[in-house]
Amino acid sequence: MRFNHTYGPLSADVILQTTNLSKRYRKRWAVRNLNLEVHRGDVFGFLGPNGAGKSTTIRMLLSLIKPTAGDVHLFGRSLHTERNHALKSVGGIVEKPDFYLYLSAYRNLEIVGALNGGTSRERILEVLGLVGLGQRVSDTVKTYSHGMKQRLGIAQALLSDPELVVLDEPTNGLDPQGMKEIRDLIHHLSHDRKKTIFLSSHLLNEVELVANRMAIINKGELVTQGEVKKLLEEGEKYVLLLGKPKKKLLEVLGKQLYATHIREIDDGFEVAMPFDLVPKLNRAMVRNHVEVQAMIPRRSLEDFFLSITENESKA
Amino acid sequence: MIRLIYFELLKTFLKKRTYIGFAIILLIVPLIEVAMKLEGGRFLQATTRSLQQDFFFVGNLFNGWLVSYNMMNSLWVHIPLLVSFVAGDMLAGEATAGTYRLILIRPVSRTRILLSKYVTTVLYTLIFVFFLGALSIGMALPLLGRGDLVVFNRGILILPEADVAWRFIVAYGLAAWMMLTIASLSFFLSSFVENAIGPIVGTMGVLIVSLVVLTIPVELFESIRPYLFMYYTNVWQKVFMDPVPWTAIGNDALVLGGYSAAFLGATWFIFVRKDIVS
Numbered sequence: 001m002r003f004n005h006t007y008g009p010l011s012a013d014v015i016l017q018t019t020n021l022s023k024r025y026r027k028r029w030a031v032r033n034l035n036l037e038v039h040r041g042d043v044f045g046f047l048g049p050n051g052a053g054k055s056t057t058i059r060m061l062l063s064l065i066k067p068t069a070g071d072v073h074l075f076g077r078s079l080h081t082e083r084n085h086a087l088k089s090v091g092g093i094v095e096k097p098d099f100y101l102y103l104s105a106y107r108n109l110e111i112v113g114a115l116n117g118g119t120s121r122e123r124i125l126e127v128l129g130l131v132g133l134g135q136r137v138s139d140t141v142k143t144y145s146h147g148m149k150q151r152l153g154i155a156q157a158l159l160s161d162p163e164l165v166v167l168d169e170p171t172n173g174l175d176p177q178g179m180k181e182i183r184d185l186i187h188h189l190s191h192d193r194k195k196t197i198f199l200s201s202h203l204l205n206e207v208e209l210v211a212n213r214m215a216i217i218n219k220g221e222l223v224t225q226g227e228v229k230k231l232l233e234e235g236e237k238y239v240l241l242l243g244k245p246k247k248k249l250l251e252v253l254g255k256q257l258y259a260t261h262i263r264e265i266d267d268g269f270e271v272a273m274p275f276d277l278v279p280k281l282n283r284a285m286v287r288n289h290v291e292v293q294a295m296i297p298r299r300s301l302e303d304f305f306l307s308i309t310e311n312e313s314k315a
Numbered sequence: 001m002i003r004l005i006y007f008e009l010l011k012t013f014l015k016k017r018t019y020i021g022f023a024i025i026l027l028i029v030p031l032i033e034v035a036m037k038l039e040g041g042r043f044l045q046a047t048t049r050s051l052q053q054d055f056f057f058v059g060n061l062f063n064g065w066l067v068s069y070n071m072m073n074s075l076w077v078h079i080p081l082l083v084s085f086v087a088g089d090m091l092a093g094e095a096t097a098g099t100y101r102l103i104l105i106r107p108v109s110r111t112r113i114l115l116s117k118y119v120t121t122v123l124y125t126l127i128f129v130f131f132l133g134a135l136s137i138g139m140a141l142p143l144l145g146r147g148d149l150v151v152f153n154r155g156i157l158i159l160p161e162a163d164v165a166w167r168f169i170v171a172y173g174l175a176a177w178m179m180l181t182i183a184s185l186s187f188f189l190s191s192f193v194e195n196a197i198g199p200i201v202g203t204m205g206v207l208i209v210s211l212v213v214l215t216i217p218v219e220l221f222e223s224i225r226p227y228l229f230m231y232y233t234n235v236w237q238k239v240f241m242d243p244v245p246w247t248a249i250g251n252d253a254l255v256l257g258g259y260s261a262a263f264l265g266a267t268w269f270i271f272v273r274k275d276i277v278s
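Line order of the protein sequences matches chains A and R. 114 is the number that the working numbering gives to position 114 of the first sequence; each next residue is one higher, with no gaps. 29 is the number that the working numbering gives to position 29 of the second sequence; each next residue is one higher, with no gaps.
For the record, the hints were derived by calculation from the structure and aren't laboratory data. All residues carry an ideal CB built from backbone N, CA and C; glycine is no exception. Just to be clear, a hint being listed does not mean it is correct.
[Unchecked claim] To list a few chain R residues with every Cβ distance to chain A over 10 angstroms, as calculated:
no., residue
1, G155
2, L211
3, V255
[Stated by the list, open to error] Distance condition first, Cα-Cα at most 20 angstroms in a straight line; then the derived EDC-like pairs of lysine to aspartate or glutamate:
no., chain 1, residue 1, chain 2, residue 2
4, R, K15, A, D139
5, R, K274, A, E95
6, R, K238, R, E161
7, R, K274, A, D139
Bound-form chain A, shown alone:
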């Protein structure tokens, strides 16, 4: 599955656009001809397996790396020719958030603020409060836990009140509670503060939970991009079917015309079929005395992502 895109003039709603963005290291293309569009108000999930080129892309979006070819437009301004203007309304974290460990959180944000053109004390305290670090503003960052540094990373990204927030794997290394807090924060930023979020992650369920649009990248190239809902509709739908006796189960399955691509797995079968026919399949099983243990519709982003990346790898 591959989406072809043609780009006309930048729409007012497209606040981030990459045009044939490419980066080559010697003979290897880390990113090649990447065309992305992020609209105002999106929570844009940027997915890809490890080594797919996500971090290289984010580094190019934030001008840490110079593209070999192509360009990035932020709010209609070229990063190549108008870097400082283009980055004015952008905040971000690239990989793990690193700070001056011997300085306090407050001092770190003061430094970031100075680089943004100046930030008031009130604003620094506000963002520290927003990420739940209001009580630790004067502590040196070296005393912070990983989760606290991650939240401080988000605080620095939000300091200049940017319209676009780029978050590179923000839940990396966090425990489930920490991951939930970050997810809630992203939700808050998107819905209550009207921020546009560009979120890269390899935790696909995370993206599925928060993103409305997404792109998948593999081996440096765009595999697909669009609305999460639509892309999920386009993905194949499987039902994971567990029951016994297994032989009888297969026999009944074989008689269902809507059940295509039956694949045996350890404890049962994976069946490609429309989800709205799951009750019908269940009735057929019961009628034929098959003891159904589980029927699990599998249409998650993870399956979709895995199927695409697997296909890409095979290709």
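With chain A held as given, fit chain R onto it using these hints.
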């Protein structure tokens, strides 16, 4: 720009490694000067033994000025090493800490960030060299007394005390100027790597190789010498000549300034193009 420099200074002077050099000087200078106080007479006697057959030395020749003058010889290797601790960490330290990713994604040009770091390096170097001067002279004069200054430089020169203080002030000014070239070299090397050890070792390597080329009397080396910036780093010593060779000093200072500018220019060329990949 002022704000950027302010925060660079803040980052630098709140870092412990910045004070390593000051701590070492605070330890070494009193140690040497007290040792000189206790055994220094023998030192002067040994140095002037051959001259004592033909000359009478009158007055306090072993004094604070002489010890302070000798202390300036640390400018060849020891002080550059201490300066490179900070200058070599200016850019590499950001790479080590991962904070390039924090500062280089901001709407401020890399050129401005680089300049604020260079200005900080310059200020640190000036403060450091003048601290050495103030401590060594400020301690030596009360401890060892005052008097004329004996300078051993291709012969013996005795400078009257009234003619000494201004020479030290100018010499330390030139020493600071020379040290800026060395700091600029460290700063330049710092732009290549992700660990401050590299620039420190690199700077010391350049100094040691240069000193070897400058001191070993080989004809091949003589033709190379004028191209080494270390060839001009004895500029501060020329202030203790009589008459003072101002033209030569001006030329040396100009060449050293040229090297500093070249190192800064090369650093800029690398830094603005650098991909931050780790």
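Each hint tested on the structure:
At roughly 51 angstroms from the closest C-beta of chain A, the C-beta of G155 (chain R) stays outside 10 angstroms, upholding its exclusion from the interface. The claim that L211 (chain R) lies off the interface holds: its Cβ sits roughly 35 angstroms from the closest Cβ of chain A, which is beyond the 10 angstroms cut-off. Every C-beta of chain A lies more than 10 angstroms from that of V255 (chain R), the closest at about 34 angstroms, which supports listing it as non-interface. With a C-alpha separation of about 16 angstroms, the suggested pair K15 (chain R) and D139 (chain A) falls inside the 20 angstroms cut-off, and the hint holds.
Distance check on the hinted pair: K274 (chain R) and E95 (chain A) sit about 18 angstroms apart at the alpha-carbon level, within 20 angstroms; holds. Of the supplied pair hints, the one linking K238 (chain R) and E161 (chain R) holds, its CA atoms being roughly 17 angstroms apart against a limit of 20 angstroms. Restraint check for K274 (chain R) and D139 (chain A): the C-alpha separation of about 33 angstroms exceeds 20 angstroms, so the hint is violated.
Figure legend: structure checked against the earlier numbered hints; the only hint not met is number 7.
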